[in-house]
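Enquirer: Take a look at the letters that make up each chain.
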Amino acid sequence: MRKRFWIINLAAVFLFSSVLVGCVEKKTATGGKTLVYGRGADSKLLDPIQVTDGESFKPIDQIFDKLVEYDKESTEVVPGLAESWETSADGLTWTFKLRKNVQFHDGTPFNAEAVVYNFERWMDPNHPEHKGGEFPYYGYMFGGFKGDDGHVIESVTALDEYTVQFKLKKPLGPFLSNLAMSPFGIASPAAVKKDPVKFAQNPVGTGPFKFESWKKNDSVVLVKNENFWKKGQPKLDRIIFKSIPDNAARYSALKSGGIDMMDGLNPNDAHLIRQDSQFRLYEQPGMNVGYLAFHTGKKPLDNVKVRQAINHAVNKEAIIKNFYAGQAIPAVNPIPPMMWGYNDQVQDYPFDLNKAKQLLEEAGYPDGFEIEFYAMTEPRPYMPNGKKIAEFIQADLAKIGIRAKIVTYDWQTYLDLTGKGEHEMALMGWNGDNGDPDNFLYVLLDKDNTRMPDAGNIAFYKSDQVHELLIRAQGLTSQEERSKLYLEAQKLIKNDAPWVPIAHATDTYAARKDITGFVPHPTTQLIMENLDVKE
Amino acid sequence: MLTYTLRRILMLIPVLIGMSLITFSIVHAIPGDPAKTIAGDKATPEQLQQIRESLGLDQPFYVQYLNYVKGLLKGDLGTSLITQVPIAEEIGPFLAATAELTIAALLIAVFLGVNLGILSAWKQNSWMDYGAMFIALIGVSIPVFWLGLMEQWLFAQQLDWLPSYGRVDPRLGFEPLTQFYVLDSLLYGDFHWLQDVLMHLILPAVALGTIPMAVIARMTRSSMLEVMRQDYIRTARAKGLSEFWVIYKHTLKNAFIPILTVMGLQLGLLLGGAVLTETIFSWPGVGRYVYDAINQRNYPVIQSGILVLATIFVLINLIVDLLYAWIDPRIKYGKE
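Chains as they are written, first to last, in the working numbering: chain A, 1049 to 1583; chain B, 7 to 342.
For reference, chain A alone in the conformation it holds in the complex (with noise of 0.2 Å):
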């Protein structure tokens, strides 16, 4: 009896899964170039500007287009939706002349209207569709949104169908080279207004890729815009973006064919990859900073000697070896030696023990002191592994009689704590954004941003020579003469020495040998439009 029913049942399962088998129709086609990416961690969302996390990025670079673009290798700025501009002789007036006969996603047209709906959607926090987030990286670019004191976008307005005028109530010095950064993507205003907050979730835009689908910590999927405005690209098919959190999991992904390409390579796999005949390896100078701030408002390291003998015991060549598997190149001055503005003339503090434990005397403390250090446990781009750095330094501190204790926190709370100015000395670092000295030297090391809790000078470091150099430059609009006030600036640095700059870490991707046209950027701005694959 029993044996009966249980035959009875299982039968009944086996009818209905069998009922169920491909009782659904697929939608989806495949097949063509597809090349998949992996990368460490999924998008946030798919709205440019209510982002700030690169990984959210990577997509919309490819879905979005800017007015104007950086040139392939370098932050200079090339022609995007905007064919030309024009600016007047006091800076405060640009007029952009726009590409015509480009098409959203959606089939709505391009036109000046559209690039004057994002701007006000933007910058006007009382916009139907100022929704969906934070516009985070206006206000950080453009000194607030509208109302705000610092807010410098005057007006934004369309002469003709592809004229756009922008006033500005001051001359911004990196103005342009703002527009190019990835969160100044013109969306389609038709899509936005539809749903300013599903928008996200489903991005239009005129880029070389239109969105497709995205199943969240998992995968982006991006096909082929058929329309593009630039002739003969894109060359792929489809591109997926693959999440796969585990720096050595997506290697080995990529080893067993699952992926064609990947970014975040550990150091040591980078060397390996560069020896494997079946794969190829892209270097690129990183434009960030690893650092180690002093809190120049703590003794003992009010002291600028004590600041001056850290400098000198640490050992960056030696860190570099060890923990960024050499790629990296030491850093001297905060903003890496790519950038414009950079001076090439400013001496290092040399690795000298001796010359260390002289300095620590002539401040007065020959046996050394204790102190706190913070290190991040996380790794970061511009610092593979915070803790070991840490207690490399530690070691070579101890040498000169000062006992550092390492203290690590989860990377929410460490930005909380240093925020706050809670360390004595502490590991961070920065990656820049649109290539400006401004972007590094303004926001890492002026007095403005020693505002607690929120500090982005951690050092503290309130110099009013500089402040004065910083400021001035932000006001005018030749880079040659805001390139000679940064000179000025880091020498006055330097020698205030309120960070050891640690190293400017190399970007690295690895991808298949048989795929080309890929040149990694100095911004990380993925460019995927001239990626090609074999079938």
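Among the clues, some could well be false.
[To be verified] The list that follows gives simulated cross-link-like pairs (lysine-lysine, DSS-like), each with its CA atoms no further than 25 Å apart:
| hint | chain 1 | residue 1 | chain 2 | residue 2 |
| --- | --- | --- | --- | --- |
| 1 | A | K1242 | A | K1272 |
| 2 | B | K129 | B | K245 |
| 3 | B | K76 | A | K1179 |
| 4 | A | K1403 | A | K1347 |
| 5 | B | K80 | A | K1246 |
| 6 | A | K1279 | A | K1582 |
Since the hints were made in silico from the structure, they are not lab data. Just so you know, these numbers come straight off a predicted model, no measurement behind them.
Using the hints provided, position chain B relative to the given structure of chain A.
Expert: Leaving out everything else, chain B in the frame of chain A:
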């Protein structure tokens, strides 16, 4: 039985209130700030303040908590601070991914664990017994992340037999329907998809299922040994029943109550403890969803995510309790 079930369900309410209060307090006590995640490293203090105000993070703790509970009572789990999508909508695919992985892991654990336990009880003190218990000892001792990495190294990298990340090959263009991929590929009738989905399940399910497998094996062994010494088993053997029926019908059925308890508890642990497995195998499940939320200080997601997991855990235990009465009719609920 009915009153017992109702009473147990009512008892859920204080448990969940306590749960939500504890999670809420811990989440708000840790330093860090969601405004910083939203605005990025580059935000100015004014911007951060503005964001805190717009999210209501500047309000006193109890006001925030009451607002949260008010939402919960209306069935609103809140909205993710990062994506602005309602959590109830967003969490579905993650829960399904974790459920699929958990069910697969539990199936492996139960099938292997119970049989290993039976084997070692049946052949007590033989080399088979020692062998099985040695496997169980290793099973409980191996850290999941280590096992996961070793599996990846061996089966994905060295042998290239199985994929080591994700739920399905992204090149196949798989369209989720119910979010349970095994079911979905059956629904589409695509056996190529089914094969791919199952291959993706194997490594993470084995990694996740190892500890429960070992625990179940040990519990089965001791429980079986106890029952096997009973008189009625001797009687069953004396009747001339085959050893198979004695073991699998007469003994296992009576030995099953403690095994079931362990299974229920392990299932709960699997649901919550999948974070490591999900990270190593890039499995887009609810564990990683909550883990990411912790790193981003995405308060509503942490609170509601944990609340959902806690509710499932409590419900599973309830179901297990109710199953006792079904398996062993001597157990009666609702009467003192």
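Enquirer: Run every hint past the structure and note whether it holds.
Expert: Structure-based check of all given hints:
1. The hinted pair formed by K1242 (chain A) and K1272 (chain A) meets the criterion: a straight-line CA distance of about 24 Å does not exceed 25 Å.
2. Proposed proximity of K129 (chain B) and K245 (chain B) is supported: the alpha carbons are some 21 Å apart, at most 25 Å.
3. Taking the CA atoms of K76 (chain B) and K1179 (chain A), the gap is about 24 Å. The hint holds against a cut of 25 Å.
4. In summary, the hint linking K1403 (chain A) to K1347 (chain A) is supported, as the alpha carbons are separated by about 21 Å, within the 25 Å threshold.
5. For a cut-off of 25 Å, the pair hint linking K80 (chain B) to K1246 (chain A) stands: about 23 Å separates their Cα positions.
6. For the suggested pair K1279 (chain A) and K1582 (chain A), the alpha carbons sit about 20 Å apart, so the restraint of at most 25 Å is met.
The earlier numbered hints are all upheld by this structure, with none contradicted.
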